[in-house]
Amino acid sequence: MSDLMKTYPILKIIDHGPGLRSLYFEKTFEVQPGQFINLWLPGVDEKPFSVSRITADFIEVSIKAYGPFSQAIMQCQPGQRLGLRGPFGRPFSWHNNALLIGGGIGIAPLRILGDTLSQKGFNFSYLIGAVTAHELLFPEEMKRQAATRIYTDDGSLGKKGRVTADIEQILDSEKIEFVYAAGPEIMFVVLKPILDQRRLPYEFCMERYMKCGIGICGQCVLDDSGIRLCVEGPVLNQDDLKQVTELGSVHRDASGRRVR
Amino acid sequence: MLKTRFFKAELETPFVLASGILGLTASSMIRVLDFGCGAVTTKSFNMEWRKGHKAPSILPFENGLLNAVGLSNPGADEMVREISQFKSRTNRPLFASIFGRTIDEFGQVAEKIVGLQPDLIEVNVSCPNVRSEFGRPFGDSPQDTAAITRLVKNIAGSHIPVSMKLGPHGPGIGLMAKACEDNGADAITAINTVGPGMLIDIDVRKPILANKTGGVSGPAILPIAVKSVYEVYQAVKIPIIGTGGVTTAADAIQMILAGASLVGVGTAVYERGIEVFHELAAGIENYMTTYGFKTIEDFRGLAHE
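Protein sequence lines, in the order shown, are assigned to chains H and G.
Quick note on numbering: my numbering labels position 103 of the first sequence as 103, and the sequence is numbered without any gaps.
If you count the second sequence from 1, you need to add 260 to reach my numbering.
Pulled out of the complex, with its shape left as it was, chain H reads as follows (with noise of 0.2 Å):
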């Protein structure tokens, strides 16, 4: 693939639950995990996702309903045409003993992160969760793949509580030399000072508001770092984030206006 629109047909699509489904196009190009594609919606508005999945054949993106882009693709049919474009952005890097932690559809990229680090031959285990239990994506294909905590606000599956509930406890007791996060900010709000306490090393896959994708408008720069989210990011570092001072407080809308 490349920067440049074009349209594929949805091959398959799998709803895991009400709101929650994920949409198959044939493999045409190669992601790394963590980094993103532009969907067009012909006729509705282009948005970047994580890429779920990445097999011989096909590419996987799941999608939750959010917003009006999000519901009108909970109206897609299987044949329907939709603009890809992508991958964006810099991915994971590889590393052994790693936690993954992913909240709510945050769980997506770490997904195909996790196929990687299985092929690789490396160890690492799950740590997710949701709302509820039919918000959670993948959790047994993930207990399939490695030891896996599962964690609903609701307690209707897993543990009740956030997912970072037990997350001192976990990496203290467990031999973790790496963590990776994707989800909501605030989770990364709560991880941050816990894990640079700890020394650990760790990647977050982080989400800004994107209009072009390639690093020029600007819309997703990170205060004070500059850092462009869509090409230097999604996945930042420890270091990166040393120069961030946006993290949990402001994000910027369409407008360019912040927003708290």
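There could be a bad hint or two in this list.
Said to hold, decoys possible - Footprint (simulated), chain G over chain H, 3 or more residues, beta carbon under 8 Å:
no., stretch
1, 159 to 173
2, 242 to 256
As the list claims (entries may be wrong) - Short, incomplete list of chain H residues facing chain G, as computed with Cβ under 7 Å:
no., residue
3, Asp45
4, Arg81
5, Glu207
6, Lys211
7, Val221
8, Asp223
What the hints contain is simulated information worked out from the structure, not anything from laboratory work.
Yeah, the Cβ is synthetic: ideal placement off N, Cα and C, and Gly gets one too.
Model the placement of chain G on the given structure of chain H, informed by the hints.
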């Protein structure tokens, strides 16, 4: 070798980050300067914030970009905050790009920012992507452009230079530039994106941009930009910021030979990466050494002789 003075601003290199590229926040613009750009231009802003057009709004194609961002911006108050931040962090040059939906609004935005002492106010009268909302660009009319020039220059006063950003369309860019000069403009920025243009997806058989049409930038428009700068140089005595399709050092040199004092760089940040400024600088220095030019001044406008 490439140090350039533009009015009171001292630029390390003759390159200006073009408006619309990485110009939304202080952090973003400072990073571009750190990569060897001489001055930055903010994203064009007006009084009230605007979301702009839906996506796709920025679309790469073989020879450049097609964009219809639709003048999205966080509004003057928020941009005043970013420019103040910028000024508190560095004294390197910043050009503020402004627009208005009405002639009066150009004046209101100018009033908002004069106190911040931008190194230049660039007046965008030539965005091709808001026709459906604003009607024809003010930059298509010499009378409107003259009126806006007078209005903004009156507010900017003698200490802040005003550059009028013109497109290649309308009644002729030389004539437009002359109208600007006669009404007090200190410089001309030439050119804005070209078109509008359109790209269609052949499988879904629809225009790809949400706005259907958008301005063309990048390598595809270099010849139009060089010709426009050449024409403006013949029409006026005020300096020119030559912008449009500059991707390589040879492109930048063409702009200077056509008469540009500074060279705008925009789409090249995508085509070549944010490191492009080093590449441009090295290429121009090499050219100057080859031909024995000591300063940019030595070869500016030589294509006219």
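(message) Between the stretch 159 to 173 of chain H and chain G, are there enough contacts, at least three residues with CB-CB distance under 8 Å, for the coverage claim to hold?
(response) violated (count 0)
(message) Given a cut of 7 Å on the nearest C-beta pair, is the interface hint for Asp223 (chain H) held or broken against chain G?
(response) Hint on Asp223 (chain H): holds, closest Cβ of chain G at ~5 Å, below 7 Å.
(message) Hint validation: Glu207 (chain H) versus chain G, beta carbon distance must be below 7 Å. Holds or violated?
(response) violated, 15 Å
(request) Please verify that hint: Lys211 (chain H), Cβ, nearest Cβ of chain G, below 7 Å or not. (result) holds, 6 Å
(message) Under 7 Å is the threshold here; is the Cβ of Val221 (chain H) close enough to any Cβ of chain G for the hint to stand?
(response) Holds. Min distance 4 Å.
(request) So, Asp45 (chain H) near chain G? Judge it on the closest CB pair being under 7 Å. (result) holds, 5 Å
(request) Mind checking the CB of Arg81 (chain H) against every CB in chain G and telling me if the closest is under 7 Å? (result) holds, 5 Å
(message) Between the stretch 242 to 256 of chain H and chain G, are there enough contacts, at least three residues with CB-CB distance under 8 Å, for the coverage claim to hold?
(response) Since 5 is at least three, the answer is holds.
When held up to the earlier numbered hints, the structure conflicts with 1 and 5 and fits the remainder.
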